[in-house]
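Colleague: Produce the complete structure using the sequences and hints provided.
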Amino acid sequence: MSLSTEVREYSGVTIVDMTGRITLGEESGHVRDTVRGLLDGGATKIVLNLAGVTYIDSSGLGELVSAYTTSRNQGCEIKLLNVQAKVQDLLQITKLHTVFHCLTDETEAVTSF
Amino acid sequence: MTDCRKLRLSLESTLDSIDAAELIVQRLAELNGFNEDQVHQIGMGVRETVANAVKHGNAFNLAKRVSFDAAIDEAAFEVTVTDQGAGFEPEDVADPCEGDNLLRASGRGLLMMKAFFDEVEVGRCAGTGTRVRLVKYCAKGAS
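Protein sequence lines, in the order shown, are assigned to chains A and B. Residue numbers are given in the numbering used here: position 11 of the first sequence equals residue 11, and the series is strictly consecutive. One gets the numbering used here by counting positions in the second sequence from 1 and adding 1000 to each.
I should point out that these hints are in silico values taken from the structure, not numbers from a laboratory. A portion of the hints provided could be inaccurate.
As the list claims (entries may be wrong) - Once the Cα atoms are required to be at most 30 Å apart in a straight line, the calculated DSSO-like pairs of lysine-lysine come out as:
1) A:K45 with A:K95
2) B:K1114 with A:K79
3) A:K79 with A:K45
4) B:K1064 with A:K86
5) A:K79 with A:K95
6) B:K1114 with A:K95
7) B:K1064 with B:K1114
8) B:K1114 with B:K1006
9) A:K79 with B:K1064
10) B:K1055 with B:K1006
11) B:K1055 with A:K95
12) B:K1055 with B:K1114
13) B:K1064 with A:K95
14) B:K1064 with B:K1006
15) A:K86 with A:K45
Said to hold, decoys possible - Far from chain A by the CB rule (all over 12 Å, computed), these chain B residues:
16) S1010
17) D1069
18) G1087
19) D1092
20) R1108
21) V1135
In this text, a Cβ means the ideal position worked out from N, Cα and C, and glycines have one as well.
Modeller: Take a look at the structure:
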């Protein structure tokens, strides 16, 4: 299952709804291209909605980290929304839960910036 | 191992091989009674191992192959993946959970293998690159 993304705006926050897998190859590249496009367009607050993402490998995690650092370096903040259980386990294993701000409610995510 | 099923494959150094290896071990694990979480863990650990072999070991060189061996019985699921790359020293791999390493884009594969398998051995093979052996015990790791 490949990765699909839909971008929408909500109260000044850019929300990216993601569905599928984020793995080595095309899918990771899709995340990179999407975030770069948003940064190029001037986004300063991004929420990656992972409700539809049930699988991320180490390359996918690396891409999320790259998105986080690239955004931060450009004055943009990225947060994660609706992280699924198996992905949450990975964030714990890799201690990336200490890096990413993860939320479960979209309104709360939008107002948290 | 008694009543042991064995599978040996020679994989191309491509992204498709990574997906194929993951699907194969997941199916084997299902057939041998591993639970859903264990099947997921086995698939992910093998995915990371084959991805390392394809990407870092063989550098996507189609002239190089990835050797894949799986053996499964009622006691354990064992997978050995061997590439034809230059090899690496596991001790040289920085702890991805430590300090600034957390913000690195790579270097988490070995950590994930160790998280999902009961035994992980990384070694060098004369003339063949890196060999990684993974073992998951059937009676352990119910989650």
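Colleague: Does each hint hold? Answer for all of them.
Modeller: Tested hints:
{"no.": "1", "hint": "A:K45 with A:K95", "in the structure": "23 Å, holds"}
{"no.": "2", "hint": "B:K1114 with A:K79", "in the structure": "28 Å, holds"}
{"no.": "3", "hint": "A:K79 with A:K45", "in the structure": "8 Å, holds"}
{"no.": "4", "hint": "B:K1064 with A:K86", "in the structure": "33 Å, violated"}
{"no.": "5", "hint": "A:K79 with A:K95", "in the structure": "16 Å, holds"}
{"no.": "6", "hint": "B:K1114 with A:K95", "in the structure": "14 Å, holds"}
{"no.": "7", "hint": "B:K1064 with B:K1114", "in the structure": "26 Å, holds"}
{"no.": "8", "hint": "B:K1114 with B:K1006", "in the structure": "23 Å, holds"}
{"no.": "9", "hint": "A:K79 with B:K1064", "in the structure": "40 Å, violated"}
{"no.": "10", "hint": "B:K1055 with B:K1006", "in the structure": "25 Å, holds"}
{"no.": "11", "hint": "B:K1055 with A:K95", "in the structure": "24 Å, holds"}
{"no.": "12", "hint": "B:K1055 with B:K1114", "in the structure": "19 Å, holds"}
{"no.": "13", "hint": "B:K1064 with A:K95", "in the structure": "34 Å, violated"}
{"no.": "14", "hint": "B:K1064 with B:K1006", "in the structure": "23 Å, holds"}
{"no.": "15", "hint": "A:K86 with A:K45", "in the structure": "26 Å, holds"}
{"no.": "16", "hint": "S1010", "in the structure": "20 Å, holds"}
{"no.": "17", "hint": "D1069", "in the structure": "22 Å, holds"}
{"no.": "18", "hint": "G1087", "in the structure": "20 Å, holds"}
{"no.": "19", "hint": "D1092", "in the structure": "17 Å, holds"}
{"no.": "20", "hint": "R1108", "in the structure": "4 Å, violated"}
{"no.": "21", "hint": "V1135", "in the structure": "19 Å, holds"}
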